[in-house]
Amino acid sequence: MVAAVTERADNARERVFDVYDATMIRRWVRGSADEVAANRDFLTQLDAAIGDADHGINMDRGFSAAVTDLDATSDLPAGELLIRVGGTLIYRVGGAAGPLFGTCLRRAGEALGDAESFDAEGLWKALRSGLDGIQGLGAAEEGDKTIVDAYAPALVAFERELRGGGDGASASRKAAEAAREGMRATVPMQARKGRASYLGPRSVGHQDPGATSTSYLFAALARSLDGGR
Amino acid sequence: MTGPAPRKGMIQSVERASRILKVLGTGTSRMGVTEIADRLGLAKGTAYGLLRTLEAQELVEQDPETDKYRLGPAMLQLGNAFLDNHELRARSLLWADSLASRTGDAVRVGVLHGTNVLIVHHVFRPDNSVQILEVGASIPWHACALGKAIVAFLPEPSRRALLGLELAPLTGRTVTDPAVLEEVLVAVAAEGTALEDEEAIVGEAEIAAPVFDDRGHSVGAIGVVGPVERLLPEGRQAAAVIAAVRDTSRGLSRDMGAGRVGARSGATRR
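If you're matching them up, the sequences are chains A and B in order.
Quick note on the working numbering: the first sequence kicks off at 1 and runs consecutively.
Quick note on the working numbering: the second sequence kicks off at 230 and runs consecutively.
A hint or two may mislead.
FRET-style restraints, in silico, Cβ to Cβ [said to hold, decoys possible]:
no., chain 1, residue 1, chain 2, residue 2, range
1, A, V187, B, D426, 27 to 35 Å
2, B, T275, A, R163, 48 to 56 Å
3, B, E244, A, G164, 52 to 60 Å
4, B, N314, A, R160, 52 to 60 Å
Hints in this document: simulated from the structure, not taken from any laboratory.
Don't be surprised by glycine CBs; every beta carbon is placed ideally from N, CA and C.
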């Protein structure tokens, strides 16, 4: 009951001032874990076609571990919290997705620094650092049929909405839409990075599992900025 | 889209039929006559005639419900025949099994095909986890240990030609500078084993050694592949795996008719 009241107060404050703190990060990670868990079998099915059939299982294991760890920690500022979640993902997801998503959140956390709160601009910069981290590890560009095909357009949409006068909630909604479109656009692509690239032309006609997970993370982000709705 | 004009001495209908098979071999895999005709720039009637002929040979088949075409069962038999005829693959089966059980890792055997390593045999990591067969996969040579092991022992002109072609990055750690890669090949030739540290897939590593034939040429390579933290930790475990890979490649080379180690020459510093 007290928690619900506190959360409503948090949401009201976020909507009025467009300022966020660790509670938003907690909602985002929890929401991402829910999305991944609900789509676990679908992700694995996508990965079986062009990868090694473990993406859904690995992501679910890693995000469950991150939520468990989240419940055991309190009073960490947003940046440190994200760094911690990133570390859990690297260690517990495994495969290529663990280092990629884990490094992404770590870099995002480092960008947020040790401030107690951040605004939509700060969130955009954190997301941008996250993409830099992914591209540093994977060297993927748009069109390679990877996470980047959902992430890069989401980041562009987020910034465009922000520069056009939108707030964090509307920017993250636009980002989630763009991520979803980017995810769908991976279907006709021939993979140039990752295990799918080993298949050459046979990778055409399948949706990329990494881009799919990325769109879930952006969907969860949009909900977490929209007062948890 | 229209196809390339047939070259002199080539038979156009065979070329067209081959292109149909290749189009059906992409991930889209099920296509109607009109779609196939459009993709290849053929009249619908021509495409239909070719498809009917291929269907009679069981190289393609038509889905009775959707009328769409896909590759037929004869293709699988041909693919298997290709693998069965492959001497290195045939001789590597037992060696690969024993390397997998000795190290507890997945094992792959590859040969150089153009600028890529073609995986001709794959033994799963013996831990009952879900894994996908990678036979038929094609990996840029410079990004994998198998490729580096093979190329380090190729004759100088072939090695130089490969180093002169585009070296695309597969991850942030892929070596794409030909001068640096040449140094790597010199080290591989000196040590007899090649390493890959997240250069093809993030989070994955490979340790491989070349396989030689009776003329001392590197005809392929065998190696273990797996999570980087497992394969390339500091210390003894990695050394044990390297020794196992080296032993296996020597045994397999002997089976292939290779003579003494000293008969081979690998990359050297210029």
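Hint by hint, here is what the structure shows:
Checked against the hint of 27 to 35 Å, the C-beta distance between V187 of chain A and D426 of chain B comes to roughly 32 Å, which is consistent with it. Checked against the hint of 48 to 56 Å, the C-beta distance between T275 of chain B and R163 of chain A comes to roughly 54 Å, which is consistent with it. Checked against the hint of 52 to 60 Å, the pair E244 of chain B and G164 of chain A passes, with Cβ atoms roughly 53 Å apart. The hinted range of 52 to 60 Å is satisfied by N314 of chain B and R160 of chain A, whose Cβ atoms lie roughly 57 Å apart.
Comparing the model with each earlier hint shows no violations; every hint is respected.
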